[in-house]
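Q: Quick mapping for you: the protein sequence lines, in order, are chains A and B.
Numbering follows our numbering, in which position 166 of the first sequence is assigned residue number 161; successive positions increment by one, without gaps.
Numbering follows our numbering, in which position 87 of the second sequence is assigned residue number 82; successive positions increment by one, without gaps.
No wet-lab data here; the hints were simulated from the structure.
Treat each hint with caution, since some may be false.
Pairs involving identical chains hold if they fit within one copy or between any two copies, as the list cannot separate such chains.
Stated by the list, open to error - Quick list of in silico lysine to any residue cross-link-like pairs, SDA-like style, CA-CA up to 25 Å:
(1) Lys40 - Glu29
(2) Lys148 - Val121
(3) Lys3 - Asn236
(4) Lys150 - Asp363
(5) Lys3 - Leu239
(6) Lys350 - Asp99
(7) Lys245 - Lys318
(8) Lys245 - Gly98
(9) Lys3 - Thr124
(10) Lys40 - Glu130
(11) Lys245 - Ile23
(12) Lys44 - Glu142
(13) Lys12 - Gly98
(14) Lys351 - Pro294
(15) Lys245 - Leu381
(16) Lys60 - Glu47
(17) Lys143 - Thr126
(18) Lys12 - Glu47
(19) Lys174 - Asn236
(20) Lys40 - Arg281
(21) Lys174 - Ser131
(22) Lys123 - Leu137
2 protein chains.
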Amino acid sequence: MPASPIRKLVPFADAAKKKGITVYHLNIGQPDIETPPQALEAVRKSDFKVLEYSHSAGNESYRRKLVSYYSRNGINIDYNQIIVTTGGSEAILFGLMACLDYGDEVIIPEPFYANYNGFAVEAGIVVKTVTSSIESGFALPLAEEFEKAITPKTKAILICNPNNPTGYLYSKKELEILKDIVLRHNLYLFSDEAYREFCYTGNHYSAMRLEGVEEHVVLMDTISKRYSACGGRIGAIVTRNQSLLSTVMKFAQARLSPPTFAQILGEAAIDMPSDYFDKTKAEYLRRRDTLVRRLNAMPGVFCPNPGGAFYAIASLPIDDCDKFCQWLLESFSYNNQTLMLAPATGFYGTEGLGKKEVRLAYVINTEDIDRAMDCLEKALIAYQELFLQHLSQKQ
Amino acid sequence: MPASPIRKLVPFADAAKKKGITVYHLNIGQPDIETPPQALEAVRKSDFKVLEYSHSAGNESYRRKLVSYYSRNGINIDYNQIIVTTGGSEAILFGLMACLDYGDEVIIPEPFYANYNGFAVEAGIVVKTVTSSIESGFALPLAEEFEKAITPKTKAILICNPNNPTGYLYSKKELEILKDIVLRHNLYLFSDEAYREFCYTGNHYSAMRLEGVEEHVVLMDTISKRYSACGGRIGAIVTRNQSLLSTVMKFAQARLSPPTFAQILGEAAIDMPSDYFDKTKAEYLRRRDTLVRRLNAMPGVFCPNPGGAFYAIASLPIDDCDKFCQWLLESFSYNNQTLMLAPATGFYGTEGLGKKEVRLAYVINTEDIDRAMDCLEKALIAYQELFLQHLSQKQ
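The following block holds chain A by itself, in its conformation from the complex (with noise of 0.2 Å):
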C-alpha cells in the first residue's frame, strides 16, 4: 500500500516552517470555506442526554431529508435506497466489498484519487487503469480503450465526477458512453460525485440520472466538501440495487452506525438558503481563474482549465516532479514564503505517469494563491537553473 501522495511530504513542510518559511498549502483538499454556522449550530444546540447508535442505515429523519436534497439534484430515490455512511470513504469501502471479490477488478481513469489504492487493497482487489491525458483536458479515455482493460475479473468502473485530482467535468454524452460499457460487460458503475456543487463550465450529470441502468449504478457520495465539513465524515452510498443494498447493510450493522453529531449538522445543512453554494461556487471560480491564469502564463507550464471540483493539473518544465515538490519545501524559498504541492505519480496508476505535473488544489484565499504563484514562478527558474548548472558539471 503506497504512501498517500498528499500527505508524504508533511515532514518536510514541517521542517521549512520550523525555520520559519510560510508554506502555502495547495496540497491538500481541506477548505478554508466556513462550515454553514446553522448546521454547526443545529450540533451544539442539541439537547440529548445518551449519545447513542443511530439506525445502522443513518438516522430516518435524515435520510428523508436526503431525498429532497437529491430531488432538488436531478436524482430520484427513496430514503431506503441511501445508507448513510461514515464519510465518502465507507460509501467508497462498502461499495467495493459489496461488489467485488477477492481479485476482482476495477477499472479507474487515471489520474484518480490515491485513496481508492487503499481502499482497493482493503477490499482485497485490483486497480486497473485506463489513462486519460492532460492534452485532452483529462476527457473520459475512448470506448475502446475501456474496452482493452476488461477481462472476465472486471467488475466495476469507478469514476469522480467532476474529478479529483484532474477537476475534469464529465459530459452527459460520457456518461452515456459508460453506461453502454456497463450494460455491455454487466459491471458496476461506481460514481464517486463528492464535488457534485463546485461545477463551473456547465451543469452536473449524475450516473444516478442514467435510465436503463438502474441497477448498475452505485452513487458514492459525502457532506464533507458540499459544506466544508470534512471533519463531520459523513457520506453515503445510494443505489437503486436492492439485493446490493442488503449486502450493504450487513456492512453497514457490523460497524454499528455513523456518527451521530454530523448526522445532526447534514440534516440542518439540507436547510440552507438556496445561495449558499452560489456563494461558494464564486469564491472557489475565482481562484480557479487566478490559478490557471498564473499557471498558463509560466513559461513552459501548461494547466487545462477544470470544470469542477477545487484542483487542477498542470504539467511543469521539471524533470521529476515528486523532487521538485520536496525541494520546494526543503531548499526553495522566496521572501520567506514556498508552496507545497502534491506530486502527480501518486495519482497514476501506471509506473512512469505523471513525472512532470503536479495537482494544485484551490482550497487558500485569492491573496495567497497569486503569492503562491509568485513562488512556483521563481522557484521554476531557480530549478531550471540548478538544472542546468548540473548538466554542464556533468560534462
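Mind docking chain B on chain A? Use the hints.
A: Chain B alone, transformed into the frame defined by chain A:
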C-alpha cells in the same frame, strides 16, 4: 455474512409495539446511562468555524490525554502508540487487516461478539473457534484446545475482556496462558477491552500489561460503553509494535480521519471526576444482581454470574432459542408486556451450539429488569405447555 443476532428480530419487536405491547429490550448493548454532561457540553461549546479533517491518527491533544487515561489503568504507553479509530469497530477491522492476509485464521473463544464475523468477512480472513462452556462460567478454554485449533495459517488470537456476550472477566493467570501460546506460535494477541470499566468480581487485567510479549499485543478500545457514547464512534487501536502501527496508519490515512466532534467529547470525558465510574458500576452491579438472581430462581434456568461488562448468558428450558425469542415477540405477552432477547446461536461459530441459550444485556433499570423477568418466567411456562401440547398431538 450472517445477519446480526442482536438486530435480526427487530421487525418482530416493531410489530409487537404496533399492537400496543411494551417490549423490554434486553437484546442490545445500548446503555441507558447518561453520557457525561460535561463531555457533551465540550462539544456544544466548541467554537471552531471550519469542521476540518483531524490528524489521521486522531488529534494529538486527545492522544496525549489518552496516555494519562491508560496510565491510570496500569497501561504505560506513548501517545504515538495510539491511533484513534472510528469506533471500536474500526480498531478491530484495522487490526485484522493489518496483521492477517487473505485466508489467514484468527482463533476466538466462542461464544463471541457476532460482529467479529462481519469484520472477518471484510478482511478476507477466517474465524476459528475454541469453545468456552456455560458450565465453567465461560472461563478461558484449556491451552490444549487452542493448540489443537492452531494451523500454519493461524496468525492471531482474539479475546474480549471482560467478555461480550458472556460477561466473563479473564484472570491474570488466563492471560499468562495466552501469552505463552502467542509466544510459542508467534501470533498476535488482540484484546478487545470495550468494557474495561465494568468489572465486578475483581480488577481488570489488561493484555497490554503482559510482559515480554509487547510486539504481539494489540489493544482494541472504544469510548462507546465507557462513557455511554456509542453514537460518537470513537475508539482506538493501541500497540507497542512499531511496524504494525505504520501499517495501521496507512489504513487510517486512506479513510482520512476519525470524527472530530466525538474526539472533543472523548478528550473532555477523560477529565471526569474519579467517582464517575463508581456510580455507573454500582448501577450495573445492582442490575446484574437482580437479573442473575431472578434467572437462577426460575426452574430449569442457569445463569453463571458474570464478572464484568453488562451481559449475561443464560441457558433456558427450551428447544430452540431462535424460535423462542421470535415467539416472545410474535405470540406472547403478559400484562401487555414482553421482552426481547438475543438468541445465543448467533454468538457461536460452531453450528448447533447455544440452542438453549440467550444473551441478556442489563442496560435497563432494575424495576424494568424485574418486570422483564416476570414476563420471562410466565413465558417459559407457557412455552413449555405449548411444547407438551405439541408432543401430545404428535402421539
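Q: Give a verdict on every hint.
A: Going through the hints against the structure:
no., hint, result
1, Lys40 - Glu29, "both (18 Å within a copy, 17 Å between copies)"
2, Lys148 - Val121, "both (9 Å within a copy, 23 Å between copies)"
3, Lys3 - Asn236, "between (38 Å within a copy, 21 Å between copies)"
4, Lys150 - Asp363, "neither (44 Å within a copy, 51 Å between copies)"
5, Lys3 - Leu239, "between (35 Å within a copy, 18 Å between copies)"
6, Lys350 - Asp99, "neither (29 Å within a copy, 38 Å between copies)"
7, Lys245 - Lys318, "between (45 Å within a copy, 22 Å between copies)"
8, Lys245 - Gly98, "both (21 Å within a copy, 20 Å between copies)"
9, Lys3 - Thr124, "within (23 Å within a copy, 40 Å between copies)"
10, Lys40 - Glu130, "neither (51 Å within a copy, 50 Å between copies)"
11, Lys245 - Ile23, "between (33 Å within a copy, 17 Å between copies)"
12, Lys44 - Glu142, "neither (56 Å within a copy, 47 Å between copies)"
13, Lys12 - Gly98, "neither (43 Å within a copy, 45 Å between copies)"
14, Lys351 - Pro294, "within (14 Å within a copy, 79 Å between copies)"
15, Lys245 - Leu381, "neither (57 Å within a copy, 35 Å between copies)"
16, Lys60 - Glu47, "both (20 Å within a copy, 24 Å between copies)"
17, Lys143 - Thr126, "within (12 Å within a copy, 51 Å between copies)"
18, Lys12 - Glu47, "between (42 Å within a copy, 20 Å between copies)"
19, Lys174 - Asn236, "within (16 Å within a copy, 47 Å between copies)"
20, Lys40 - Arg281, "neither (35 Å within a copy, 34 Å between copies)"
21, Lys174 - Ser131, "within (21 Å within a copy, 60 Å between copies)"
22, Lys123 - Leu137, "within (15 Å within a copy, 48 Å between copies)"
In terms of the numbered hints stated before, the structure departs from hints 4, 6, 10, 12, 13, 15 and 20, listed from lowest to highest.
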